[in-house]
Amino acid sequence: MKSVSFGRLRPGLFGLVALFIASLTPVSEAQTNAEILAEMGKMKARIAELEAKLAATQQTANEAEEKATAATEAVQTVATEAIQSAKSLEDLEGTLPPGEIPLAEEGWWNRTSLGGYGEMHLTLGDDEQIDFHRYVLFINHQFNDFIRFVSEIELEHSIAGDGKNGEIELEQAYVELDLGNGLAARGGMFLVPVGIINEYHEPPTFFGTERNFIEREIIPSTWWEGGVGVNKRFDNGLALDLSVHSGLDVPTSGSNAYRIRSGRQKVSEASASDWATTLNVEYNGIPGIGVGASAQYQSDISQTTSSESNSAWFTEAHVDIQRGNWGLRSVYGRWDISGASPALLGLATQHGFYVEPSYTFTTGLGDLGFFARWSKLDSESLDSDIYDVGLNFWPHERVVLKADYTKIQEAEDDDFINFGIGYQF
Amino acid sequence: MSHAAFGQAGNYMSTSEFLREGLGGAGAAGSFTLSSSDQAIAKKILGHSYKGSRLRYWRSGKKTAWVLEEIGKTRPITTGFIIDSGKIHMVRVLIYRESHGGEVKNKFFTRQFDGAKLGSSPRYTLSRRIHGISGATLSVNALRNLSRFALYLDSRVKE
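Chains as they are written, first to last, in our numbering: chain B, 3 to 427; chain H, 4 to 162.
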């Protein structure tokens, strides 16, 4: 409510009162009507003048009050903000950001996370088949700020048991410790850090319904071993990983002799007389461009299957580029196995590569990507060129529909069409 | 996607450190309550409504600061955004909880956001392309979406 100072109005009011009193004085008989009218005119003019002065004074007072109110509010705002600012900084010191619950106040369930992925495939060709290939769950747990547990359990081909097609596999189960300054250590069963697909094989992350042949036969994805490892990552995007782990134990006779994929022991009462050492280097310092390489040595990859010692070197290099709509993936992998037997079978060197350009763009319904892949493989199971073309459609970033055509060019060509649906969460 | 190193989880920066770097102090703290129409926009940007309905933010001059969270692969990434005059001034990952993909915290990645603003067509997209990190697709997408949401929130508190 606005108020007017009485002091400022006093002179004007006194004038009005004086005029009013004067107007009550008895009129002299000597005054004529004309004189009275003239006097009244003067009084009217005086009253109008005083009214104008009063209005002006009131306006000035109102303006002064508004300014005073605004100034007071401004001072209050500044003071409040200053207090809030001081409080917020004080409150934040030593506390956790939003969403982070102090360890002492939370249950184990807040530190345990669940994830997973899955994929179903339909193959049309000589052997027409539908298969829920993989159903996978991740269960991870954070013990404290620097120790965590990571696991991955998989049901393959939808049903497991004696005489069934599928199996239940524990593919990862390790404890990881952050040691500070970008250094971490882990122990347990983990995915061997080689190539692209072996560590990152959730269906929405790669093209093609089935995984590429190079990262099935040369890099036997999914490939996991038991052991320990250390990792150092630098702020410039360079990361080094050194692991010592259980090794392969390849068959040395039969149809799968010296087939790398058949040498996986899956850390199931596995022979541990000859361990392997793997070094992996990755560089991701330029967004959209990932390059890496790995080397592994095992003193004998036929630990229990042959008296012959078959030491082996595995080497690989890979690139994974996604710049704008264009993508390019390529992997080259190679095994060099010593000993007379693999040389006799022509399997002392097994190697292969693929090159996979792609183009992905956004549509109103989701992302759509096209790819082509040329693979060249010289291995125990295949010695051929393989061509794939197809598309991925992502209605959501974590859901993918796939369709592709594969042609394997060898003595007797083989081709088939695949359709797939996959997800991760 | 290809490799990122394991063992990348960690608390990299406290909120007060982030505010000191981004605002030169704590700024003036405020809160913003998400209305149902804000949550509808959140669904467009994030694919889901934002958890909770009241967001704390800080203000200093034309800058606003937001600390937001979004799930990467299976766990939330806590990320701070400084918005200056409708453009991203700074992005910092405060806490990364996944074992893989932590390269998104590095400045060679986060500096891509500097200067980005909300595009007008289509709405709520970033005005510039953010290149990904091999092996960290979900973490990259989480930060892309959060940056769009932070820009939207900044525009709301300045209405």
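Simulated from the structure, these hints should not be mistaken for laboratory data.
Among these hints, one or two may not hold up.
To be verified - Now the in silico label distances, taken between C-beta atoms and shown as ranges:
(1) SER257/B <-> ARG126/H: 58 to 64 Å
(2) GLY118/H <-> ALA54/B: 55 to 61 Å
(3) LEU181/B <-> GLY89/H: 40 to 46 Å
(4) GLU169/B <-> GLY89/H: 52 to 58 Å
(5) ALA162/B <-> SER123/H: 39 to 45 Å
(6) LYS69/B <-> ARG159/H: 29 to 35 Å
(7) GLY28/H <-> HIS398/B: 36 to 42 Å
(8) GLU20/H <-> SER160/B: 45 to 51 Å
(9) ASP133/B <-> SER123/H: 44 to 50 Å
(10) ASN64/B <-> GLY28/H: 52 to 58 Å
Glycine included, C-beta positions come from ideal geometry on N, C-alpha and C.
These are the hints, each one checked on the structure:
{"no.": "1", "hint": "SER257/B <-> ARG126/H: 58 to 64 Å", "verdict": "holds, 60 Å"}
{"no.": "2", "hint": "GLY118/H <-> ALA54/B: 55 to 61 Å", "verdict": "holds, 59 Å"}
{"no.": "3", "hint": "LEU181/B <-> GLY89/H: 40 to 46 Å", "verdict": "holds, 42 Å"}
{"no.": "4", "hint": "GLU169/B <-> GLY89/H: 52 to 58 Å", "verdict": "holds, 55 Å"}
{"no.": "5", "hint": "ALA162/B <-> SER123/H: 39 to 45 Å", "verdict": "violated, 54 Å"}
{"no.": "6", "hint": "LYS69/B <-> ARG159/H: 29 to 35 Å", "verdict": "holds, 32 Å"}
{"no.": "7", "hint": "GLY28/H <-> HIS398/B: 36 to 42 Å", "verdict": "holds, 41 Å"}
{"no.": "8", "hint": "GLU20/H <-> SER160/B: 45 to 51 Å", "verdict": "holds, 50 Å"}
{"no.": "9", "hint": "ASP133/B <-> SER123/H: 44 to 50 Å", "verdict": "holds, 46 Å"}
{"no.": "10", "hint": "ASN64/B <-> GLY28/H: 52 to 58 Å", "verdict": "violated, 39 Å"}
In summary, the numbered hints that this structure violates are 5 and 10.
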